[in-house]
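Using the sequences and the hints given, assemble the complete structure.
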Amino acid sequence: MTSTVSRPRKFETTGKATIYLALTLLAVGTLFPFIWALGTSFKTEKQAIAMPPQWIPDPIRLQNYIDAWNMFPFGRFYYNTLLFAVLGMLGSIALSSLAGYALAKYQFRGQYAILIFIIATMMIPYWVNLVPVYTILAKLGWLDTYHGLIIPRLARPFGIFLMRQYIRSIPSDYIDAARIDGASEFGIFWRIILPQCTPVLATLAIFFFVEDWNSFMWPLVVTNSLEMRTVTVGLALLSGSPHRTEYALQMAAATIGALPAIAVFLAFQRYLTQGITLSGLKGQ
Amino acid sequence: MNGKQRTPPKKFWFQDYKLRAILSFLLPALTILVVFSVLPSLAAIGLSFTKWDMLSPAQFVGLANYKRLLGDARFKASFMNTLYYTAGSVPLCTLFSLTIALVLNEKWLKGKALFRTLFFIPIVVSPVAISMIWKWIYNPAYGLLNAAIAMVGIPRQFWTSDPRLAIPSLIVMTIWQTFGYNVVIFLAGLLAIPTEFYEAAMVDGANKWQQIRHITLPLLAPTTAFVVIMAIIRSFQVFDQVLVLGGVSGPPKSLVVTVYYLYQMAFGSFKMGYGTTIGVVLFLTILVVAIAQFRYYARRFEE
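Line by line, the protein sequences are chains A and B. Under the numbering used here, the first residue of the first sequence carries the number 1, and numbering increases by one thereafter. Under the numbering used here, the first residue of the second sequence carries the number 1, and numbering increases by one thereafter.
In case anyone wonders, no lab produced these hints; they're calculated from the structure. Beta carbons are placed, not taken as given, at the ideal position from N, Cα and C, and that holds for glycine. Errors might be hidden in some of the hints.
If we take Cβ atoms under 8 Å as the criterion, some of the chain B residues that face chain A in the derived model are [what the hints assert, rightly or not]:
| # | residue |
| --- | --- |
| 1 | Phe25 |
| 2 | Leu33 |
| 3 | Ala43 |
| 4 | Phe115 |
| 5 | Val124 |
| 6 | Pro127 |
| 7 | Tyr142 |
| 8 | Leu144 |
| 9 | Phe267 |
| 10 | Phe283 |
Structure (C-alpha cells):
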C-alpha cells in the first residue's frame with residue numbers, strides 16, 4: 001500500500017468509528033430516561049432526591065411497586081385496559097378484514113365511492129368529535145361501560161384500507177373455485193382469505209393493541225368511576241395525587257405503565273415495523 | 001315462502017346472495033363509522049353555532065362562538081403555543097430523523113436492525129408514562145437535568161413552568177419520543193430508491209453529498225411529505241403530555257396548547273358549544289396546512 005491509498009482509508013475508518021460511536025450514544029440517550037426511571041423506582045424517597053444523584057439503587061427496593069399497586073387499584077386498571085385493548089383489537093380486526101374483503105373482491109356500484117368515503121374519515125381527528133360522541137354515549141347510557149369504551153373505536157379506516165390493499169393481491173382464482181364447490185360467501189372469507197392474511201393481521205393486531213393500550217384522552221372522557229379507569233388514566237391520577245412528590249413511587253408507577261407496551265413491541269417488533277413501513281409507503 | 005312468490009322471476013337486491021354478503025361484510029364497519037365519526041363531525045359543526053352546558057337544551061347563537069374565539073386571549077395564546085410547538089418540533093425532528101435514517105441506510109453499517117429497534121422503543125410507550133418520566137428529569141429541585149447543568153455552573157431552571165423554557169422542553173421530549181418512528185418510515189422510503197441511480201451517479205463521479213442532494217432527497221420527497229404532514233397533525237393534537245406535565249395546578253399559560261384548552265372548556269367548564277368551536281377551527285387549520293403541504297409537494301414533484 002502506498003501512503004496515498006492508505007490515507008483516505010484511515011480517514012474512512014475513523015469516520016466509521018465516529019458514526020458507530022454517535023449511534024451508540026444516541027441509543028444510550030434513547031434508553032436513558034427509562035433506565036433512570038427504573039433506577040429511581042428501586043430507591044427510597046430519600047435516595048431518590050439525593051444530590052448529587054445516586055446512580056445505582058442500594059439496596060434494590062421493590063416496596064414502591066407494592067405501594068403504587070395498592071395506592072390505586074392498578075390491578076383493576078390493568079384488567080380494564082387489557083379488556084379494552086384486546087377486545088378492541090379483535091373487533092377492529094374482524095370489521096377491518098370483512099370490510100376490506102368486500103371492497104377488494106366484489107364488484108358493485110358505489111364501491112369506489114365507499115372506499116373514498118372511508119379514507120376521508122381518516123382525516124377526522126377524534127377531538128373534533130369528542131363532545132358529540134360523548135353526547136351520543138350519554139344518550140345511549142354507554143358512558144363508563146366497556147362497550148362504550150370499545151364499540152365506537154371498532155371501525156378503523158386505516159385497518160380497512162390496509163386489509164383492502166392486501167386482499168386485492170390475493171388471486172381471485174381460489175375464490176371462484178371455492179364458489180363453484182359451493183362454499184358460502186362467509187366460508188370463502190373465513191377459510192380462503194383470512195388464512196392468507198396472517199402477516200397483515202398480525203401487524204394490525206399489534207398496531208391496534210398498542211394504540212388502545214396507550215390511549216388516554218378517550219378513556220379519560222368516556223369513563224368516570226375509578227373501577228372503569230385504564231392504566232394511562234390511573235397513571236395521570238397518581239401523578240396528580242398528593243403522592244406526586246414521592247418520586248420513587250411515581251417512577252415505579254410509570255414503569256408499571258411502560259413495561260407491557262415495551263414487552264409487546266420487543267416480542268412482535270417485526271410485525272410492528274412492517275406495519276409502519278406499510279403505512280409510510282401509503283404516502284407514496 | 002308460498003307458491004305464489006315462486007312464479008315472478010324478478011329478483012330483489014336482498015335475494016342476491018352476493019349483494020347480501022357485501023352488505024353484511026360492510027355494514028358493521030360503515031355503521032360504526034357513520035354513527036361515531038361522520039355524524040358526530042357534522043354535529044360538531046352544528047354544535048359550534050350553539051351555547052350548551054349539557055344540562056339545559058342547546059341554544060342557537062349563530063356565529064357568537066366564532067366571534068368570541070377571535071377575541072379570546074387565552075385561545076390565541078394556546079394557538080400560538082401550539083404553532084410554536086409545531087414549528088419547533090416538526091422541522092427539527094424531521095431533519096434529525098432523516099439524518100439518522102441516511103446513516104443507518106449506509107451499506108457498511110452493521111447492527112442497523114438493533115439501532116432501529118432501540119430508537120423505536122419510546123414511541124410504543126404511552127405519552128402519559130413518558131411525561132411522568134420526563135417530569136422527574138425536569139424536576140426543578142431534584143431533577144437530573146438541573147443536577148447536570150449545576151456541574152457546569154448553570155443555575156437551576158424551571159423547565160416546564162418558565163415561559164421561555166416550557167415549549168422547548170416539550171419539544172425536546174417530543175423529538176426524543178418520535179424520531180425513531182420517523183427513522184423507520186424514512187428507511188422504508190430509502191429502500192424503495194433503485195440502486196441504479198447511485199451507480200450511475202458514481203460513474204459520473206458524484207460525491208456522497210451530491211448523491212444525497214440530487215438523488216436521495218428528490219426521490220424521498222413523498223416520504224418526507226408523509227412524515228412532515230403526520231408530524232404536523234400529531235403536534236397539533238398534543239394533549240396527554242401537557243396534562244401530565246401540568247399536574248394538579250394545571251399547565252402554566254405558556255404550556256397550554258389548543259387541544260388542552262378545548263378539553264378544559266368542554267369538560268372542565270362544560271362549555272360544550274364553545275369547546276367544539278375550538279375543535280372545528282383547529283381541524284380547519286390542520287386541513288389547510290395539510291392541503292398546502294400536499295400541493296407544495298405535488299408541484300415539486302411535477303418539476
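Hints, one by one, checked against the model:
A cut of 8 Å between beta carbons decides the hint on phenylalanine 25 of chain B: the least distance to chain A is about 4 Å, and the hint holds. At its closest, the beta carbon of leucine 33 of chain B sits 4 Å from a beta carbon of chain A; the interface hint therefore holds under the 8 Å criterion. For alanine 43 of chain B, the interface hint holds, the least distance from its beta-carbon to any beta-carbon of chain A being 4 Å, beneath 8 Å. Taking 8 Å as the C-beta cut-off, the interface hint given for phenylalanine 115 of chain B holds, the closest approach to chain A being about 5 Å.
A distance limit of 8 Å between C-beta atoms decides the matter here; for valine 124 of chain B the minimum to chain A is near 4 Å, and the interface restraint holds. A distance limit of 8 Å between C-beta atoms decides the matter here; for proline 127 of chain B the minimum to chain A is near 7 Å, and the interface restraint holds. The closest approach between the C-beta of tyrosine 142 of chain B and any C-beta of chain A is roughly 4 Å, which is under the 8 Å cut-off, so the hint is satisfied. Below 8 Å, beta-carbon pairs count as interface contacts, and leucine 144 of chain B has one with chain A at about 6 Å; its hint therefore holds.
The interface hint given for phenylalanine 267 of chain B holds, since its Cβ lies 6 Å from the closest Cβ of chain A, which is under the 8 Å cut-off. Hint status for phenylalanine 283 of chain B: holds, given a least beta-carbon distance of 5 Å to chain A, under 8 Å.
Checked against the numbered hints listed earlier, the structure breaks none of them; every hint is satisfied.
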